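K.L.:
Sequence:
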Amino acid sequence: MTDSQLIREIKDGNVQAYSELMRRYQRKILAFIHHMLKGAGLDLLAEDLCSETFYKAYRSLHSFREGDASFSTWLYTIARNTVLSELRKQKSGNVSLDESGLVPLAPPEAAPEQRLLQQERMNLVREAINRLPEKQRSALILREYDQLDYQEIAAVLGQSVSAVKSLLFRARASVKSQLEPYFNPSYVEYEEMKAR
1 MTDSQLIREI KDGNVQAYSE LMRRYQRKIL AFIHHMLKGA GLDLLAEDLC SETFYKAYRS
61 LHSFREGDAS FSTWLYTIAR NTVLSELRKQ KSGNVSLDES GLVPLAPPEA APEQRLLQQE
121 RMNLVREAIN RLPEKQRSAL ILREYDQLDY QEIAAVLGQS VSAVKSLLFR ARASVKSQLE
181 PYFNPSYVEY EEMKAR
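Numbering (my numbering), first residue to last: 1 to 196.
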């Protein structure tokens, strides 16, 4: 069944259809919320906000109009607004990202040194993304990790497609410049020579 068919079923009173929609999107929405929270150790909060997102979506489903946006875009928008509302309540802004896989871990059969290096790289990427302004971070996460297209991201963020492209360009440039000292050997050698 497509999302549209499930939505029609839900509007006709079939609660089981909503369970199917939740099953389809729960992992993606939970991962998105984790990234938005930037939060190691915030698993319970992320799960609560995910539940709240689905509750709000269920309550507001009667107002969802397919012509305006896809269901997934609408759901991501609700998730984003729910997280931002929570962050405003807590006035918190400096928590680190969860281990939920921004960068894939080295395979288990890899040498311990390789796994450690991969873990360090993952931490560097997380920290670089954490330092981005909220809209840049959201755009980057939605594009690179949730693989939404520009129009979907624009709908979630309430921006134009060109603004989303600009946000992504600036986010990638910022992450690249933050990580260059760690991944570009000539830069590291140059900095070491300067320090002498």
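There's no promise every hint is true.
[Said to hold, decoys possible] List of simulated lysine-lysine pairs, DSS-like, C-alpha gap at most 25 Å:
| hint | residue 1 | residue 2 |
| --- | --- | --- |
| 1 | K11 | K135 |
| 2 | K56 | K11 |
| 3 | K165 | K135 |
| 4 | K135 | K28 |
| 5 | K56 | K28 |
| 6 | K135 | K89 |
| 7 | K56 | K89 |
| 8 | K11 | K28 |
| 9 | K176 | K165 |
| 10 | K28 | K89 |
| 11 | K135 | K176 |
| 12 | K56 | K176 |
Derived by calculation from the structure, the hints in this document are not laboratory data. Values in this document were obtained by computation on a predicted structure and should not be read as measured data.
K.L.:
All the hints need checking, so say for each whether the structure fits it.
P.N.:
Do the hints match the structure? See the list:
Distance check on the hinted pair: K11 and K135 sit about 33 Å apart at the alpha-carbon level, beyond 25 Å; violated. For the given pair, K56 sits about 15 Å from K11 by alpha-carbon distance, which is consistent with the 25 Å threshold. At roughly 12 Å between alpha-carbon atoms, K165 and K135 fall within 25 Å of each other, so this suggested pair holds. With a CA separation close to 19 Å, the supplied pair K135 and K28 stays within the 25 Å bound.
For the hint pairing K56 with K28, the CA-to-CA distance comes to about 17 Å; that is within 25 Å, so the pair holds. Taking the CA atoms of K135 and K89, the gap is about 18 Å. The hint holds against a cut of 25 Å. For the suggested pair K56 and K89, the alpha carbons sit about 18 Å apart, so the restraint of at most 25 Å is met. Using a Cα cut-off of 25 Å, the hinted pair K11 and K28 holds, with the two alpha carbons roughly 23 Å apart.
Among the hinted pairs, K176 with K165 is consistent with the structure: their alpha-carbon atoms are about 16 Å apart, no more than 25 Å. Between K28 and K89, the direct Cα distance comes to roughly 24 Å. Compliance with the 25 Å bound is thereby established for this hinted pair. The hinted pair formed by K135 and K176 meets the criterion: a straight-line CA distance of about 17 Å does not exceed 25 Å. Distance hint between K56 and K176 is unfulfilled; the C-alpha atoms sit about 37 Å from each other, more than 25 Å.
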